[in-house]
Each structure stands twice: as C-alpha cells, then as structure tokens.
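S.K.: If you read the sequences in order, they're chains L and P.
Using full-length UniProt numbering, the first residue of the first sequence is number 1, and each one after it goes up by one.
Using full-length UniProt numbering, the first residue of the second sequence is number 1, and each one after it goes up by one.
Wrong hints could be hidden among the right ones.
[What the hints assert, rightly or not] With a straight-line Cα cutoff of 27 angstroms, these simulated DSSO-like cross-link-like pairs (lysine-lysine) come out:
no., chain 1, residue 1, chain 2, residue 2
1, L, Lys-70, P, Lys-131
2, P, Lys-4, P, Lys-57
3, L, Lys-26, P, Lys-131
4, L, Lys-67, P, Lys-11
5, P, Lys-11, L, Lys-26
6, P, Lys-57, L, Lys-26
7, L, Lys-26, P, Lys-118
[To be verified] A few chain P residues that don't get close to chain L, going by computed Cβ distances all over 12 angstroms:
no., residue
8, Thr-38
9, Val-70
10, Thr-130
11, Asp-204
12, Ala-243
13, Ala-353
14, Val-365
15, Ala-464
If you're looking for bench data, these hints aren't it; they were derived computationally from the structure.
As the structure is a prediction and not an experimental result, all values here were calculated from the model.
Ideal Cβ placement from N, Cα and C applies to all residues, glycine included.
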Amino acid sequence: MSAVTVIYVVLFYVATAIFLAGLARKVYVYARTPQPLKIPTTPAPTTRAGVWMRMAREVTVFESLFKSNKWIWLFGWIFHFALLLAFFRHLRYAITPESFLWPFVSLELVQTAGKYGGYAMVIGLLGLLGRRIVVDRVRYISSPSDFLMLLLLLGIAGSGLMMTFVSHTDIVALKAFLLGLMLFDWQPLPASAPLLIHLGLVVVLMIVFPFSKLLHAPGVFFSPTRNQVDNPREQRWVAGWSAEPPTSGRAG
Amino acid sequence: MAAKFETPTLKEYIEIPHVHPGAMAESKSYAAKPEHNTALGFPGELVENWEQVAVMKLGDLVSKSRALQVFLDSCVKCGACTDKCHYYLGTSDPKNMPVARQDLLRSVYRRYYTTAGKLFPKLVGARDMTKDVLDEWYNYYHQCSQCRRCSVFCPYGIDTAEISMAARDIMDAVGVGQKYSNEIIGKVHRIGNNLGLPEPALADTLEGLEEDVKDETGVDVKYPLDVKGADVLLITPSADFFAEPHVDGLIGYGKVFHAAGISWTLSSHASEAANFSMFIGSHANLKKQAMRIREAALDLGVKRIIVGECGHAWRVAYSFWNTLIGPFDFLDRRYPVPQHICEFTYDLIQRGALRFDKSANDDKVVTFHDSCNVARASRMGDMPGGQFIIPRAVVQASVNKFVDMAPETIGEATFCCGGGGGLLTDELMEVRVKGAMPRMQALREVVEQHGVTHIAAICAICKAQFTKILPYYEFPMDMIQSVHGLVSKAIRLGPVNE
Ligand code: SF4
Ligand code: SF4
C-alpha cells in the first residue's frame, strides 16, 4: 500500500470517529437538557402530529426562511437540495449490488441528477457567498469561519465536479477503496489530484462538523420554539427547574 | 416635546437601512440602585470577581435550558433575521439586528464553552468576558423588547428573547440590574402591583369607577375587590386602575360581567397581571410573582381566573402559570385556565348573551394592533391563530368600521409597539420612538387610505407606549384605545340604555 493510501485510511477513521462521537455527544446534550417552560413560537400546532408536520415543512421546504427572505431561501434551498442529490449519487460508492438500495442508487435518473446537483450546489454556495460579501448587514454579522465554511463546501463541490467533467477518476478502484475502508480490508486509493483534494476536504468537513454552526442540522429538531406543542392550558408542563418543588409562596 | 433626537420620517414602505455602527451606543437605561437589586435576591452592585460569576452563570443557564443550548450552537449567520427587528429598522444600529444581538452573548459562550472558541477565538468570533462586553450587553439587551418577531423568521426558530432574558439574568447575577424592571418587581413583591397601589387606594379607585359608570349609564355596575366566593378572579395590569385609555378597558370588563350576570372580583393581594420577572429572565422571581395569584384564587375560593388586557401578562398566564403555580385542580375545569378576557367576551357574543349598539362607536374607524406576546407567544380559543381572530371579532362586535393594517405587519409578523420587554421608561425614549417606526408606518398607511382614526390594543404596555409616541409621529395621543373600552361604549346594559 502506498503512503497516500495509508494516510487517507487513517484520516478517514479519525474523521469518522470525531464526527460520530462529536455529533452523538451534542445530540445527547440536546436531548438530555430539559426545557423548563413552554416557548413555542405561535401560531403553533396544538397536537403532536401538527408539530411533526411543522418540522417536516421546516426541514424540507425551509418554511420560515421562505417567509423571511426569498434570496437566502432560494440559494440555501438549492444548495441543500443539491447536496441531497449528490449524496444519493455517492451512495453507489458505499454499497454493493447485493444491497436492497442498489436498484434505487443505480438508477440513471439518480446518477444524472446527482451529477447536475454538483453544479446546483456551486450556484447555491456562490449565491450565499455573494450575499455575505455584498449585503452590508450580512457582511457585518459574518466571522472568518462563516466564509471559510462556504469556501470549504465550494472546494468539495468544485473538486467533485472536476472528477466528473474534467479528469475522470478510476471509479472502480475508488469504490474498492471505500468498501475496503468499511470492511477493514484496505485497498489502494487511486492517486488523482482532484480526488485527493475532494476526499481531504470531506475529511476536514467531518472533523469541523460537531464544533461548528453545522450543528444547525441536528439543532433544528431540538429547537423548542418549533418542536413544542402549543397546549400549556390543556396539559401541565414541567421539566428541569420547573419540576422542582416551590421554594417560595404557599403550595396549594 | 423637546427631543434630543430625530423622529424617523415615515416612508411609503419600510426601507432596510444600511448599517450605522454605534448609532444607539449612547442609549442606556438607568441602572438599578442596590436596594432594587437586593429586594429581588441579587447582589446590590457589581460583585468583585464578576467576570468569573458571569461566565459561571452563563454555563449554568445553558445547562438548564435546551433552548439556549440549541440557539447558541445553531445560528448559521444566514442573515434572514437581520431586517426583522423594529429596533434595527428604526435605528440602523447593526447591534440591533437579532443575530448581532445574540452574538453579544454567543461570542462569550463560544470563548468559554466551545472547543472552537477556546482554540481559535478570532476565527469564530469568540470574545473574553470584559467590562466592554458587559457594557454592550447592558446597552443592547435593554434595546430588545423580547417581541420574538425574529424567532418567526429564523429557519431554526432561534428566539432572541430567550437570549436577552438570559443576558439580563446574568447581569442581575453580577449586580448590574436595570432600574425600571427591578424597581417594579420589588413593588409587586412588597405590595402586589407594579404601581405600588395599596388596598385602600384600590378600593377608592374602584368605588370611583362605580360612580362614574352609574352617572354615565344609570346602571349599578359593580367593581368588586376581595369578594370571597365570587365565581371569577380577574387579574389585570394595574395600569387599568387609573391610566388612559387602560381604565376604559377595566370599565368595559365590569360591564361585560354585569351583562352576563357572572360574579367576579379583583384581589388586593394579586392586583397585577404583569410579571416583569419574565423580562429579566429570573425564574425565582417569575414564580414568586405568579404565586400571589394562586394564593389569591385559593383565598377567595373562586372557580375561574380571567386575565385582562396585557400582552406579556397573558403570555406568562397562558404559557407559564400551569407550569409555575399549577396544577389548577381547585378551579372549574369546564373553562380554560386561565381564560383571556377577550375569550370570555367572545364566548358571550357567540352565545348571543350580549347586546351591542355599534353606532356608539361610529365616530371611529378602528384598526387593531396585535401585541407581540399575544401574537407570537400565546393563543386564544382552541385553534392555532385564535389570538388573531378573537380580539378582532370582539372589536368588530363593537364597531361598524374596522380596517386591518398591511398583512405583513400584523398577525404573527406584527410589529412591536417599541416599548415592550422592560423598555417603557423615559430615558429610553429615543429607542422607543425609533423602534415604533415600522408600526407607525403601517398605521399611517391605513390612516391615509382608509381614514382610520383609532388603533385598538390589548396590552397595557402597548397602550402606554402609544400614548407617548403617537404625538412624535403627529398622531393624536388618544388614538390608542382599549379593546374593552370599545366594548364598553357599545354594550347595552339595562333598561335605561334601551
Ligand atoms: S435567521 Fe436565525 S440562523 Fe439566520 S442569522 Fe438570524 S438567528 Fe442566525
Ligand atoms: S425579540 Fe424583537 S426586539 Fe428582540 S431582537 Fe428579536 S425582533 Fe428585535
């Protein structure tokens, strides 16, 4: 095995461990921290089912963002949707034809959509970057990490597109490498520059994920203003400090 | 009025201003005196190792609130909220953009509680807890009316109100309180209401009201205080006892109870609906203030609790009472606990139990101002959005001419009056006037296009704020009305009125 392969194997294991452990820790903290008071932003659903619907609209069509700003919504939604398409396209590197998902992943449609998803991703990201530079309000609130994050994602999308449209990578060897990673049966990584850059940036993304604003992905599901049922009169809510017995006043 | 600042000019529509850093840096509310702080259980003045205390308190608050955990981590700086705060729109100070306001606290949280902020503070915008930071907190967290407009528009529901409450809680913990809120909370703990009106003064005022109503209508409408065994305990903001136009609302409640033949009472022990402890984010004080109401309900042996016209009071009552001072198993569960006075009147209207002569309000063309805490933090009736429908239905039962302001400025997107969240104090007049600009802009539009003459509201703070700031925008100050003031005018009571 070449040194490059060894380095990437190690990087991937380290990044995966950091990503999973970091994310699990955060989700654990979110889930464990009580929300002592009811604070849904109203008008809010009065039933659990309604809350599921609200959340589904938030994460699929970005309902609140649509209400607030059509440009951010457009670029943000394009980027995220393209990311999803690209993800589906990439699934074929990680699963074998025996998998029940294979018929879906190998669909021509999924592959083509994923390919052009790469372009869409770049468009969305450039739009977001443009706003960050041009709109003085957004520039004011941006810190260096906000720019770096966009550049990182642009780097990933750009190097990915290079492989599809400029210099093809040995896909068969790549798949063998990735499957090998998962099965602890290491295979050589094809040494092409765009691929090494692409994978390297993905490793960086995985490592920064649990420590950055990318936590909005799990966070949105835990946001009390969005996930609480608006029923405080019907059902008494107590959690955390609000469940402690009163320290002042007379109890009933 | 000799203002030391310029009242914004109202445009055709709301323009998003360019950032003007530091525009409102000089606008500070008075600091609480030591006795105002200690009465609430806070240190009297800035404690010695305050940096440490502040950072510890921050960690403590975050560990006890999922909302803070999620909100401090999740902001992606998308900018969607930047133009949603009326204080930014009115002042163009970028620190009044919700995300920038959050970042005043977030930057410190990052520095002390996140890996990225500990390792690369500059990169992620993390800051040490310094006196400058504390001053900035004091300044800009007292330029947030906790109206939650930003939380509607944030893709993750990040609620700057929660963050501003936490910041104020931390400031109180190190001995830096705000005079206006803390002094008032102290009065409630001591006497039972924001104004410090003792029982005899209340009794006097109510007697006076009875006489006035008798003179006006010829009917013996009662305004009872501390009546044991009454069906309903009414909890209303103390401004209703004397201020204009609030008191018209109180007169109206009494007439509705009278017409419906339901016995009711006020309580001198719990003569205040407002609970400013929410503004300062103090859980202990929030609970202590609310507990007076449970005590009064038990002492008087009432079956129902109804809350008068006050926005944040209704939020506290609707969302928090059951949690803080419930369960209410001693009350009649056939009625919602608590119930809003608008829900109560609306039900009677629906059942045909009240008679109105709307022409009594024919001198008015009325619009309705949705108060923030009612619109975005509570509900009325049993369907989502009932808080928009019910008060309007009550207004429309009382007046012939009603017009709504532009849809993007009412309902869940309503613009704050500019005076909520503990900002209703004279030294913040510039913030209040400028923050009211978007609301005034929408009002002017219906004044010009539909001849609107009055704006009705169901919040004591909105009413007090409008009374003060309407003249800055060249509207008459008595344009602002209580919803139940309109009801009071139109309701028919007895034979004399027929
Ligand atoms: S809308 Fe929400 S996520 Fe976007 S900048 Fe504002 S607070 Fe942050
Ligand atoms: S809660 Fe209201 S006042 Fe505070 S930042 Fe948000 S929009 Fe502005």
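S.K.: It remains to establish, for every hint, whether it holds in the given structure.
M.R.: Comparing the hints with the structure gives:
no. : hint                    : in the structure
1   : L:Lys-70 with P:Lys-131 : 39 angstroms, violated
2   : P:Lys-4 with P:Lys-57   : 37 angstroms, violated
3   : L:Lys-26 with P:Lys-131 : 31 angstroms, violated
4   : L:Lys-67 with P:Lys-11  : 23 angstroms, holds
5   : P:Lys-11 with L:Lys-26  : 46 angstroms, violated
6   : P:Lys-57 with L:Lys-26  : 21 angstroms, holds
7   : L:Lys-26 with P:Lys-118 : 17 angstroms, holds
8   : Thr-38                  : 16 angstroms, holds
9   : Val-70                  : 5 angstroms, violated
10  : Thr-130                 : 18 angstroms, holds
11  : Asp-204                 : 28 angstroms, holds
12  : Ala-243                 : 28 angstroms, holds
13  : Ala-353                 : 23 angstroms, holds
14  : Val-365                 : 27 angstroms, holds
15  : Ala-464                 : 24 angstroms, holds
Hints 1, 2, 3, 5 and 9 from the list above are not met by this structure, while the remaining hints are.
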